[in-house]
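Q: Next come the chains, spelled out residue by residue.
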Amino acid sequence: KQEVTQIPAALSVPEGENLVLNCSFTDSAIYNLQWFRQDPGKGLTSLLLIQSSQREQTSGRLNASLDKSSGRSTLYIAASQPGDSATYLCARLQGGSEKLVFGKGTKLTVNP
Amino acid sequence: GAGVSQSPRYKVAKRGQDVALRCDPISGHVSLFWYQQALGQGPEFLTYFQNEAQLDKSGLPSDRFFAERPEGSVSTLKIQRTQQEDSAVYLCASSLGRGRRTEAFFGQGTRLTVV
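Which chain is which? The protein sequence lines are G and L, in order.
So the first sequence is residues 3 to 114, counted in my numbering.
So the second sequence is residues 2 to 116, counted in my numbering.
Bound-form chain L, shown alone (with noise of 0.2 Å):
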């Protein structure tokens, strides 16, 4: 597609639900990111893929998050056991990913609300 497209934009869950977010990249981007962003705040970095290997996951919250890419496009970011601190927008991102010269495109986020 043109864009970096994530579905669903809005998710309400039950606080100990499970919930499973999207994120298509751009064709041909080599690298994909999962980044959380609070009410007010800047975007936090919580993962990054190559292709499909997550060679950085040291933003993820806890081990109820978990993401994958497992065949180097479309990624998945699961929330296990949702709770209230988890209602942020997560955003997604894709790069071309040759060396770190190269821009990041971010889709439109998903709003999580726990309640």
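The shape of chain G in the complex, shown without the other chains (with noise of 0.2 Å):
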């Protein structure tokens, strides 16, 4: 079963630090990677996609990073803001379909 596994469940930090959140896969054959933030009792906003052939995208104050040798995707968030508490998923497109795994999410609590 390819899984997603992200680090760490939970995380709190005071405004304006930097944070890094991570997701680990188990299947190198990866076609895409996304990022997710779900803010509580709603739907899911998309962040950032990383395709197969590329290593990192940004924006804003967000930048991913994938690395398909290790198996590991990177969420950097800088100069974090209140606004930004929210549970952060990855998912990748499971190989030879169309269908996202999603991993269980890192709930972030940035405080004031």
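Be aware that a few hints might be false.
What the hints assert, rightly or not - Derived contacts from chain G toward chain L, CB cut-off under 8 Å, selection only: (1) Gln36; (2) Lys44; (3) Leu102; (4) Lys106.
Don't read these hints as lab results, they were simulated from the structure.
Ideal Cβ positions, reconstructed from N, Cα and C, are used throughout, including at glycine.
Could you use the hints to bring the two separately framed chains together as a complex?
A: Pasting the structure below:
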């Protein structure tokens, strides 16, 4: 079974801190890796999509990297703000199909 | 519409009742997906459509679950004889579907509570 693991499960940081969220996966035959944000009681908001031919993507204060050889992706958040508080999920396309396989997420709390 | 729209947002069903959940994808999106998200977990794949064709239903947990997309646009997920373990958030997503390099966009979800 192709697994996606996210560490840590929860993270609490003071406002202004830079932080890294980790995502690891067992199958290196990866097409896309996508990072999402989920606010309580809400759906998923797509943050960044890294295609298999890419190594990283950036959007504002967010930077996501992909290392297929080690089976890892990281989401870097610069200068964190209380509004960044949410659960962050990574997901990869399962080999040979169109479906996304998700990790359980990292719950981030940024304290003012 | 501008995004993926799901209705209802919340549904409370008595055990044994049938429910129907609706998903209206982004206009022009070929691929449509249904996921189930239990509390504190990541979403789990249920089924996938390309236009009106259901190409993968391997994630449907039982034959009580049925999905359709008859005209290749709006999709309905139906759950018959609901049970308490069906309580979850049901998420719909759509994508352009041109190969495996396209971004998936999710709706707000339908929170189903079976009592």
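Q: Quick check on the hint: G:Lys106 CB to chain L CB, less than 8 Å?
A: Constraint on G:Lys106 satisfied, holds at 5 Å.
Q: Take the shortest C-beta to C-beta distance between G:Lys44 and chain L; is it under 8 Å?
A: Because about 6 Å separates G:Lys44 from the closest Cβ in chain L, which is inside the 8 Å limit, the hint holds.
Q: Can you verify the interface hint for G:Leu102: is its Cβ closer than 8 Å to any Cβ in chain L?
A: This hint holds: G:Leu102 lies near chain L, its Cβ roughly 6 Å from the closest one there, short of 8 Å.
Q: Identify whether the interface hint at G:Gln36 stands, where standing means a beta carbon of chain L within less than 8 Å of its own.
A: With a closest approach of 7 Å, the G:Gln36 hint holds.
Every hint from the earlier list agrees with this structure, and none is contradicted.
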